[in-house]
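Visitor: Kindly produce the complete structure, drawing on both the sequences and the hints.
There are 4 protein chains.
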Amino acid sequence: MLVVMSRRATEEDIKRVAEFLEAKGFKALVSHGKARTVVHGIGVIEVDQRDFELLDNVEEVIRLTSNYKLAARESQGEDTIIEVNGVKFGGKYTGLIAGPCTIESYEQMDKTAQQLEESNVKILRGGAFKPRTSPYAFQGLGEEGLKIIRSVADNHKMAVTSEIMEVGQIEMFEKYVDIMQVGARNMQNFNLLKELGHVNKPVILKRGLSSTYEELLMSAEYIMSGGNNQVILCERGIRTFEKYTRNTLDLTAIPVIKKLSHLPIIVDPSHATGLRDKVEPMSRAAVAAGCDGLIIEVHYEPDCAVCDGAQSLYPWQYNELYKEIKQIAPIVGKEIL
Amino acid sequence: MLVVMSRRATEEDIKRVAEFLEAKGFKALVSHGKARTVVHGIGVIEVDQRDFELLDNVEEVIRLTSNYKLAARESQGEDTIIEVNGVKFGGKYTGLIAGPCTIESYEQMDKTAQQLEESNVKILRGGAFKPRTSPYAFQGLGEEGLKIIRSVADNHKMAVTSEIMEVGQIEMFEKYVDIMQVGARNMQNFNLLKELGHVNKPVILKRGLSSTYEELLMSAEYIMSGGNNQVILCERGIRTFEKYTRNTLDLTAIPVIKKLSHLPIIVDPSHATGLRDKVEPMSRAAVAAGCDGLIIEVHYEPDCAVCDGAQSLYPWQYNELYKEIKQIAPIVGKEIL
Amino acid sequence: MLVVMSRRATEEDIKRVAEFLEAKGFKALVSHGKARTVVHGIGVIEVDQRDFELLDNVEEVIRLTSNYKLAARESQGEDTIIEVNGVKFGGKYTGLIAGPCTIESYEQMDKTAQQLEESNVKILRGGAFKPRTSPYAFQGLGEEGLKIIRSVADNHKMAVTSEIMEVGQIEMFEKYVDIMQVGARNMQNFNLLKELGHVNKPVILKRGLSSTYEELLMSAEYIMSGGNNQVILCERGIRTFEKYTRNTLDLTAIPVIKKLSHLPIIVDPSHATGLRDKVEPMSRAAVAAGCDGLIIEVHYEPDCAVCDGAQSLYPWQYNELYKEIKQIAPIVGKEIL
Amino acid sequence: MLVVMSRRATEEDIKRVAEFLEAKGFKALVSHGKARTVVHGIGVIEVDQRDFELLDNVEEVIRLTSNYKLAARESQGEDTIIEVNGVKFGGKYTGLIAGPCTIESYEQMDKTAQQLEESNVKILRGGAFKPRTSPYAFQGLGEEGLKIIRSVADNHKMAVTSEIMEVGQIEMFEKYVDIMQVGARNMQNFNLLKELGHVNKPVILKRGLSSTYEELLMSAEYIMSGGNNQVILCERGIRTFEKYTRNTLDLTAIPVIKKLSHLPIIVDPSHATGLRDKVEPMSRAAVAAGCDGLIIEVHYEPDCAVCDGAQSLYPWQYNELYKEIKQIAPIVGKEIL
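The listed protein sequences derive, respectively, from chains A, B, C and D.
Positions -7 to 329 (this note's numbering) are the ones given, in order, by the first sequence.
Positions -7 to 329 (this note's numbering) are the ones given, in order, by the second sequence.
Positions -7 to 329 (this note's numbering) are the ones given, in order, by the third sequence.
Positions -7 to 329 (this note's numbering) are the ones given, in order, by the fourth sequence.
Be aware that a few hints might be false.
Claimed, not checked - Per the computed footprint, the stretches of chain A lying under chain D, defined by three or more beta-carbons under 8 Å from a beta-carbon of chain D, are:
{"no.": "1", "stretch": "116 to 128"}
{"no.": "2", "stretch": "154 to 162"}
{"no.": "3", "stretch": "176 to 182"}
{"no.": "4", "stretch": "213 to 226"}
{"no.": "5", "stretch": "258 to 270"}
{"no.": "6", "stretch": "300 to 314"}
I should point out that these hints are in silico values taken from the structure, not numbers from a laboratory.
Glycine included, each C-beta is placed from N, C-alpha and C at the ideal position.
Guide: Next comes the structure, spelled out in structure tokens:
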């Protein structure tokens, strides 16, 4: 058994691990490496490795090193806080983003934004390029859509986020958008990630439908290794055998990612559940679990939405939700604008 | 039952389906659509829909009825509320259960119970028969353990819940235990479920590692169809590709089950995450999502626990958590004792 | 990095591992334990651990020991061969079992057996106690069914296998059945496994819907540690996100299990796919992958089957399949009766 | 589209559904069953079925049409056969592709190709752009690599296939490559798929790690709707809870896809299993299940491979495998060159 100590481990921490190993019946050998110390437990004994993971300043048990470096909590003690238009993600802040799934028209965006303004929304979402499973489904308004959301957001003093789908769109997006969004299907579009590493705007990176926490962090590392440290991770549900909801929202990602990384992690309950009446309880749960933000679909008239209306909140529902999570946040040491 | 025919279906194909339905006891009605034809089988009869799928030019077969009846929300509008020792599960109540994974000794149970009493715990958990993956692992104290937990609980005016593993143990459990617990691995031990239908005590039924919501409700139906309506469902994590945590806690189960059924649903964050520092945020999240209760592992000295110490809270951690969730519950319209 | 050598490893094998580690940039330390030798690679280097797993007599990389012992290939070099009524499972033999899902009547069993006899079937399957998801579905004929299958099998000089569901049924099954079958839902019914360890008959142990290879072997270990070494493992599909078929048949289990264990592994393509027209190609594939046997559902008149008719072959289909797999087996070094 | 109403549905609920269907462009027909009512929406219109699920007292909504048309078996009775350099995929032909994971050097490609030539390989694979999880891992030789594989293939009279990662690379790939390969991570890179619809070369489309059969066919539809009908589907393992192998190879995909579509389906056992000694049995199994081709990693010296050596066959192993599958193919009515 190998117990890898954190860089901050004191000699006492190391001694405690060695003693714990010996108490369990191992022979303990401490090997001081250049980067860090590893305690080797020799012997063939039934133990629960998690017992060791929970000791002070133990970084990992058995596997030697994580493959991500810049994204790792180890490389930076304090939380990364990303601020856009006065909204903060990370640290003690829980930032909010809202808006329709798809940009349909100026009127639709403006009516929605107007109502969201009353709930204090400062960042507007809306898709102009839509990754649709079927080639026959509506594919989005394209650049025309980006122009609309930019103009509407400006009118309402909001910032803009929208999903980018390929390298060739970066220049266009830089003109209209404040936060680049990488969708779940592109989480491992490595060429796109590399190029976003050279962009001077925050990136929301959504977890792929079957991606592990480690893979999500490795994808963040692609962006960061290009020089862009403003990465906001986003849990939006994974694919499991359960088909009642669109995906299975994995809220445990929140405390896990916050332990492994200094990057903020937000939650998208709309895509995760795919059902409007599940968005509210899951949003509250995400805040109670300590998430750094939410991105929620809201449409001024969901029944007429071109796309994903079934998972969009009515503005009044968003407003109620907003009031609830504002109460929950301080209980878990967080603050919502 | 609906049998949707393919576009190529001939009149003969359709006739054959109709006759097959009638042979099974349905009344068959053919409805010719523009795109394709649907044969409607009227009646409530148990059949295997795949028998129909294999007929020529059948495109899809759709069951019209949910298979659970007594457990269905349809059969009972108001929430079932189950009360044990003054603790209520369901409706506006969120009940709490706490205690160690395994009963190790009188002293261990008593010390733990003493501390839990200060946090207002009224139902004590502890395993006497342990379903261990390995035959070489500690299998529990057996009936001796049940005697210990009963005696300790009595001293502290607590009720008792413990996991039952087979039909042959029912009589023994009736002597010592107030709530029977059926573990995830036994969720489809149908013989056990049937027998628990004749027991006059509440049953906590844990969701299997790869069981759907519908299967969980069908297993509840096994118990209820025997006459025992006091079933408490329990989400405790499902098995997915993500291996960082022991299982993936599926909190969306809460609003889904509450829509489909009138039975209370509680959450076991200890087994779901397998890591002590994830139990607290996930407990808060469960309450914020509207769960009807929590069952949490607490040990007076987790580092010395025989089993699953890594996921057990220290009593002081439980106490902190208790204070937090008491604040969250009223925000979502719930009440914690 | 820890490389655990097999007990059969020679000094040369160990040296090769050490040299390979050093070639990759590690410092290698050999630690001779009492039970076996571990080579410790010191250093923080990116390698693919599978490169090590493929070296001669390397047992495992990183994790120290497997938790199963009696079932492990290490504990027994040669394959276990289990023989019932002249049919052999394991080693170079591929044994066949066939029959209906459920025992419905004497006539149904007899007609089916008569036709299977012509295809050289020597072991008859048929369920008397059925684990049904719904309490309202047909639960089997019970002991009456066991009497029928025994009597029919005797008439056709066949052996009998049937599924046992709980400890209390063991005595009854010993009277009628030659091979005990443990279903997927009971793979971790540890009480049942323990008791089957004291039975003097072979046991078919089916893999649970979400059980890993290691857990399957651990369950076999439960039976073997009681003294019964006649365990036949059975792959029957796992639960995944893909819902077109009932389950996802995992044929890679065959070469994996054969490497990890000396026990025979057979395949149940009927339950895995749930669709008759998929049974034939998957049976052929299983044989080509080197399985030690097949258990296939056949009904003399599938359209009238009480249960799972949709996945049952017609006798003539079984006969065709039989001819095909008899040709495939010798290509992969196996023999079918 | 079928909207199944719940038992509690009032006449008003039903009317609302009918009107909603008509508002979306369908013709609505109400059919009153004994148990419940079904509203039939006639027409082929893209809608989100969840919009209907959220209406009052709607129990279930059923889509009547598959979303892929050009790829569907319905649209073309005979199998599509794709021929490249004399090798045929589809119909009664099983085509073979082999080569290393990554193009490392001219020498490596040439030595490998030389040996593969002796096993009658006519299509050479090799990656020049590698989608690596880590930004710090080798990313491939790029265009230089494509030049090498083209030149080596020409010397050995072979065709070339290599993985393309983004739209911007299409022009480059058209110069060097005979079959475009779309990796699992790009199966839903819709922009890339659309552009490949305008290319006059066959495309191998690999199934995503968590993609359903239907999604795979929808992605093929993206390519075909652009005018390119030469799509070869490829099963390469899905992500499940089982971690012993890299992925879980889903061979049932073969008979399922062949029923749903006329497109050829091949198998990549190297990426699916990630372990050399599993490639051979799984290749045999794939052929026995009736696959239309195999793509296998072979390296003249796997131990020195830059990438994925652990899953690459030695040339002599490939040769043995070749001989075995040539014997299996005719048993299942197929032919290997």
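Visitor: Count the residues of the stretch 213 to 226 of chain A with a beta-carbon closer than 8 Å to any beta-carbon of chain D: does the count reach three?
Guide: holds (count 3)
Visitor: Under 8 Å between beta-carbons, do enough residues of the stretch 258 to 270 of chain A, three at least, approach chain D for the coverage claim to hold?
Guide: The restraint on the stretch 258 to 270 of chain A holds, since 4 of its residues have a Cβ under 8 Å from chain D and three suffice.
Visitor: Confirm or reject the coverage of the stretch 154 to 162 of chain A by chain D under the rule of 3 or more residues with a beta carbon closer than 8 Å to the chain's beta carbons.
Guide: holds (count 4)
Visitor: Check whether three or more residues of the stretch 176 to 182 of chain A sit with their beta carbon closer than 8 Å to a beta carbon of chain D.
Guide: Our answer is that it holds, as 5 residues pass the Cβ test (under 8 Å) against chain D, meeting three.
Visitor: Count residues of the stretch 300 to 314 of chain A with a Cβ under 8 Å from any Cβ of chain D, then say if the count reaches three.
Guide: holds (count 4)
Visitor: The stretch 116 to 128 of chain A covered by chain D? Criterion: 3 or more residues, Cβ-Cβ distance below 8 Å.
Guide: holds (count 6)
Violated hints for the displayed structure: none, as all numbered hints are satisfied.
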